[in-house]
Every structure is written in C-alpha cells, then in structure tokens.
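Fit chain B to the given chain A structure using the hints.
There are 2 protein chains.
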Amino acid sequence: MAKASNSVKRPDPPKARIAVLISGGGTNLQAILDAQKGGLLTDGEVTLVISNRSGAFGLERAKNAGVPALTITRKGCGSQEAFEDALMKALDENRTDLIVLAGWLAILSERFTRHYEQRIINIHPALIPSFCGEGFYGLKVHEAALAKGVKVSGATVHYVNEIPDGGAIIAQKAVRVYPGDTPEKLQLRIMKQAEWKLLPKAAQDISRQIRLGAHPGFAKPARGQNE
Amino acid sequence: MAKASNSVKRPDPPKARIAVLISGGGTNLQAILDAQKGGLLTDGEVTLVISNRSGAFGLERAKNAGVPALTITRKGCGSQEAFEDALMKALDENRTDLIVLAGWLAILSERFTRHYEQRIINIHPALIPSFCGEGFYGLKVHEAALAKGVKVSGATVHYVNEIPDGGAIIAQKAVRVYPGDTPEKLQLRIMKQAEWKLLPKAAQDISRQIRLGAHPGFAKPARGQNE
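Quick mapping for you: the protein sequence lines, in order, are chains A and B. In short: position in the first sequence from 1, add 726, done, that's our numbering. In short: position in the second sequence from 1, add 726, done, that's our numbering.
Just so you know, the hints here were simulated from the structure itself, not pulled from any lab data. Hints may contain errors.
Just so you know, same-sequence chains aren't split out, so a pair can sit in one copy or run between any two.
As the list claims (entries may be wrong) - Capping the alpha-carbon separation at 27 Å, the derived lysine-lysine pairs in BS3-like fashion look like this: (1) K866 <-> K899; (2) K801 <-> K899; (3) K918 <-> K874; (4) K874 <-> K927; (5) K923 <-> K874; (6) K874 <-> K763; (7) K789 <-> K923; (8) K874 <-> K735; (9) K735 <-> K815; (10) K927 <-> K899; (11) K911 <-> K899; (12) K927 <-> K801; (13) K741 <-> K923; (14) K789 <-> K866; (15) K866 <-> K763; (16) K741 <-> K801; (17) K874 <-> K741; (18) K735 <-> K923; (19) K911 <-> K815; (20) K801 <-> K874; (21) K815 <-> K874; (22) K918 <-> K899; (23) K874 <-> K899; (24) K927 <-> K789.
Next comes chain A alone, as it looks inside the complex (with noise of 0.2 Å):
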C-alpha cells in the first residue's frame, strides 16, 4: 500500500475489546459501563460479561446495556482446569484484548494469569500493599482497616498474577475514614469515592495504550494500522 500523504487520515485503530469478570452485583461492572456511555471511556468497550455465579445482578446490568453476559461456574464445568478453559475459549472467542476483574472472586490459576500476562486487572479496595492477599476480599478488607485503626484508606487497580494483590500497581487513590465508620459505610465511601473512578479510568488509559500499540502486553503492532 502507498504511503499515506499527511493530508489522508489514517482510520483509527479498532477499540480495544473489554471482558468484565464479575461475581456479584456488578457496581464497578456498571461504573464501566457508564463511562463508556458518558464518553468517559473512549478507547475501549465492553464487549463480553462473564458471571462465575448464576442471577448475580451484575448480569441484568450487562443485559441492560446490550452487552453479551454468560455465566461459567467451576462447579458446572468439573475442574478448576476445565473451568479456566471455558473461561478462556469465551475470552478468546471474544477478541478480548483486556480482562477486567470487577468484584471477580474466583481463583485464577498462574497457567491462565501468564496466558493473559499484563492484560488483566483487578481492583482492591484498599491502599496495596495494606490489607492485601489471601483472604481480604470483601467487608473483610475494610474490617481490618479499622481494626487497625487507619485514618486513610482507598483503592488499588492492579495487574494480575499469580499472586493474590501482587501485580503491578497501576493507580490508587485514598480516601478518608471517619470516626464510627463500620465496614459497610467505609466500603460505600471507597466505592464510590475511589473505585468507580479509578476502574474506569484505568480502563481507559489502557485500552487507550492498546490502541495506540504502546501496551506492553501486546508486543505485536497496533492492530488495524497499516504497515
């Protein structure tokens, strides 16, 4: 193909595909999506929900704005392996550049973290590496930070690898406690003071870099530019 002169537009990259992982009520899942409709997330979109539980709510939302939903439980597919392989044909038959896992409470084997290496993320409620890793998930998280008595909390958005909370730290944000906090207030206040911003956001700065071929998860050139 010709060069293309200065004065011709190259079409833009396609956007980068977004699997949301939920296992709940889907909060952040809807977060995502309503960036997307308010043009808050413009480089990627949300092409595929997957439910590790059956009648989470979080699927209703997916329905509610077009968005194909499947739910893939390990205990409808026999083994943690034959779980992870549903998983991952649905992925991959999605075109799924980024996995975003939203309230996602299942575990993920290293075999499918390293397949998807950098092209996974996950958000913590809470500032990493505080109250982080194996059995914080959930009001747990937020119980022990007042246990401990913090004054500041917040959110993590992180890569996902084989070890629980220890990818890379891709944003985080604090967020204040307050004098008679219980988990569930603290929990609301991170959420919407923290969670629902920075996910989003992440989203969209990646999927912007996976657009642009400036990812390091994708090694191969920006897809659709010509070369």
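Just chain B, lined up with the frame of chain A:
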C-alpha cells in the same frame, strides 16, 4: 473551697509540657516550634529537646527557639538501661506531659514505653501498616514504597508501644507519588505535605486533651483545676 460562681472565670490549667526527642536535623521539631510561634500549637509548649547524637542540627533549632536542649547518648551512658534511666530522669525533671519522637532513631525498651504509656507519639513517613516496622526508617521507607510501585504514600502519627510502629494510629495523611520520584523527592514531599502538618496538629490535639484532663494517658484529674 467554695464552688466558683459562673461569673468568676477559673484560671486555665497550665499548658502541656512537651519534650521532643531527635537524632538529626530536626525538621519535624522545627515544624512544632513554628506551630507554637504561629499560634497553631496553643495548648502545649516545647519545654525540652533531647538528642541522642551530639552535634545534631536540631539542637541548634532548640537553641534558636530558646528551648533547653540536652544530648544523651547510648554510648555515653554505657548500657541501654543507663541510657533510658538518664532519659527518664531528664524527662521527669522537666515534668514532661507528652514525649514527641521526631526523627528519633534510638531504640526504646518496653520498660521505657510502658512507663510513658499513651504519652509518647511518633511520626512515621508512610501509611501504616504499609512500609513500617523494624528496618523501615528514613529513606529506606521511601525506597520500599517506590520499589513496590505505590501511587499513594503518606505519613502516620501514632502512639509508641513496645512494637516498632505498632501503637494506636492517631492521624494519617496521604501524599501522591509521581512518576520519576526518587526516595529523596518523595521524602521531601511527604515531609512538606504530611509530616510537618500532622505532627504539630497531633501535638496540639493531645495537649488540648491533656490540658482538659480528657487524655487517657493521664488518669488523674486535669492538672491545675480546682476540685
């Protein structure tokens, strides 16, 4: 004594007497002295500065502010016990209410910390429980934070007990980490944005409680009040 009528104002109880313990430059000492001069520390006053290193620049800062200053070294005392005996003698002769560790790098035994239970506070340049405990002091804290890739760090004021950085948290402030930060840059930003504000404020808040007889480290009624 007859009960004072509402029209007769009782004299205020005396200000809390603060001893600041330093090992080096004493920038946190300076922040407290500045707060005192600037009217932000009104319920306490620095009445003694002790350095465990001879020639520490913080001693000059004390001198410039007209505050009595002593040097008491572990080596000069011959043993940990004699060192702490000398500290306790100086602190008690000063009728110290509150001990503020401001860059104090000497070990204090459980005997010492129990003697002044809930009356010693320390500033740590990270958001406890991140990057704290044995071996985390000075630049090492910031080196560890940058190695972990955190996007938010900060400082913590806490009571001192027998566990390094293990006492109850009094106040915390988050500080952003920027790309390209060195341990030195991050250290200075955390000092300016967090430490130099948090420590004087904590000293004031606790001095206020002491003065009002409402501090748990003082079982006796407020000093100087007529009962």
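Identical-chain pair category, K741 with K923, by Cα at 27 Å:
within (20 Å within a copy, 45 Å between copies)
Between K874 and K899, at a C-alpha cutoff of 27 Å, which is it: within one copy, between copies, both, or neither?
This pair counts as both: shortest intra-copy Cα distance 19 Å, inter-copy 16 Å.
Is it within, between, both, or neither for K789 and K866, if the alpha carbons may be no more than 27 Å apart?
neither (30 Å within a copy, 50 Å between copies)
My question is about K911 and K899: at a cut-off of 27 Å on alpha-carbon distance, are they close within one copy, between copies, both, or neither?
both (17 Å within a copy, 20 Å between copies)
Homo-oligomer pair classification [K763, K874; C-alpha up to 27 Å]
Result: close neither inside a copy nor across copies, 39 Å intra and 34 Å inter.
When no copy is named, should K927 and K801 be tagged within, between, both, or neither for a Cα gap of at most 27 Å?
neither (33 Å within a copy, 55 Å between copies)
Since the copies are identical, ignore which copy is meant and state whether K911 and K815 lie within 27 Å (CA to CA) inside a copy, between copies, both or neither.
Classified as neither: same-chain Cα gap 39 Å, cross-chain 47 Å, threshold 27 Å.
Checking K741 and K801: alpha-carbon separation at most 27 Å within a copy, between copies, both or neither?
This pair counts as neither: shortest intra-copy Cα distance 34 Å, inter-copy 67 Å.
Give the relationship of K918 and K874 under a CA distance limit of 27 Å: within one copy only, between copies only, both, or neither.
both (22 Å within a copy, 26 Å between copies)
One pair to classify: K815 and K874, alpha carbons no more than 27 Å apart. Within, between, both, or neither?
For K815 and K874, neither the intra-copy (42 Å) nor the inter-copy (33 Å) Cα distance is at most 27 Å.
Is it within, between, both, or neither for K874 and K927, if the alpha carbons may be no more than 27 Å apart?
This pair counts as between: shortest inter-copy Cα distance 21 Å, intra-copy 30 Å.
Is it within, between, both or neither when you check K735 against K815 at 27 Å Cα-Cα?
neither (36 Å within a copy, 80 Å between copies)
Comparing the model with each earlier hint shows violations of hints 2, 6, 8, 9, 12, 14, 15, 16, 17, 18, 19, 20, 21; every other hint is respected.
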